[in-house]
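Novice: Spelled out, the chains give:
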Amino acid sequence: MISETIEKDSIFLPAIKPKATPKKFSFSSYGVNIRFESNDQDLLDETERVARKALINRILPCGVANPEYVFRIEIDKKDTLFLFQNGVELGSGSSRKGFFKFFDSIIRVAVARDAVDHIFLHAGVVGWRGNAIVLPADSFHGKSTLVAELVRQGAVYYSDEFAIFDSRGHVHPFQRLLNMRADDGKFTPYEITVESLGGVVGKDAIPVGFVLLTKYEPKGVWKPKLITAGNGALEMIPFTASLRNRPEFTLQVLKNIASNAIIASSSRGSAKKFAKTLLDYVDSNVV
Amino acid sequence: MNNSQNPIARQNGLVVQEMPDEILVYDLDSNKAHCLNRSSAFVWRSCDGRNSVADIVREFELKAEGKVTEDFVWLAIDQLSEKDLLQIPVTPKFAGQSRRQVLKTIGLVSVVALPVIASLVAPRNAVALASCSCLNSGACMFTSCPSTTCCNTNSTCGPAIPTLAVPTGCLP
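As given, the protein sequences belong to chains A and B, one line each in that order. First residue of the first sequence: 1, per my numbering; consecutive thereafter. First residue of the second sequence: 1, per my numbering; consecutive thereafter.
In isolation and in its complexed conformation, chain A is listed as follows (with noise of 0.2 Å):
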């Protein structure tokens, strides 16, 4: 089905370079499988190289009949590059650098929408005397530069940008690199790794001891409101990218989460005042 689509639609796409026979690679992540297409051999082995990375190598070479997800990747005589995802332009752009920065926002997403057996909560995660500090919020609320900060304090890292939970409700490390934005204005991104922080990577799946929505605003003060484990099922809601497709499972993870930690509500201010006075309320209130 998803080819015959991909067939039909070809008859719109763009005058494309003749340079060569389509090219494939199929791999399955999180129990997805995902096909990339492309008639030009460096364009996909960039794809493959770009979502290595995204998916922290968690990619298992095989050939699936019928994929969950078809991406074609494209380029025309102009050098413009085309994303395809099931027959369905996604977007196309001239800068590559540009162009493969959402894409690999696009295979992290769809992994994390239809993982088998997890699911991914857009959140920052630090390990803290066995148990998972989890903070879902927002892109560009603050979450990496508070998870690098609680890191320099002595926190595991687990994750600045999804909580991997498996059906116990268990965190796992998803141990990319630290993306932070520069303040310049224009959001420039930066990578740093843990090394950096003096910090150490997590392991192993833990539980989650305090799940804290939160997020940097210039004059926030901290008075944790404490939300009972319905609310706090709920206001993780937002965060998760798996609901549409695998609403129970969701919904039972997020209940076995939400069943066993305390959630709490803040606001907050800068992350290098903050994280310690965060430390201190886990120590007191958690574990």
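Note that these hints are calculated values from the structure, not bench results.
Below, computed lysine-lysine pairings styled on DSS-like, alpha-carbon distance capped at 30 Å: (1) B/K32 - A/K215; (2) B/K67 - A/K225; (3) A/K225 - B/K83; (4) B/K32 - A/K225; (5) A/K215 - B/K83; (6) A/K53 - A/K23; (7) B/K104 - A/K225; (8) A/K223 - B/K32.
Given chain A's structure and the hints, the job is docking chain B onto it.
Specialist: Here is chain B on its own, set in the frame of chain A:
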């Protein structure tokens, strides 16, 4: 629903997750999620089409949830109807009344928690959720990114990056 009829909890198109003291409901049609607290969850479970409001009051008290009035149950039913969690909507009993007026009407004297249903809409744009990455402005819509209209040269749903003005004339 005519308010003299017995309410029936909606079941189709809902994913229901029982929590220790609450119920989490995801509405597949509207893409909304709801958290019913203990009191509203009890009333919702009791809306089976056989129980009248008076029956639900009796059930509530029988299960040692505390002493309540019919208005208390109506407050839950109003909310369940408003959130589309009943098969047939009811005419709201407390329409247009402030919370203070409703509390006065209910005359709550017991320690029973008022029925409350918290709701929110699940996100539609998971890509923006993940990174605020974009290749065009369309990807920035319906997001909480720094900009909902602009896809800047860093491929981010953020403010446009100003280009430096290049002087064209002769400097003095």
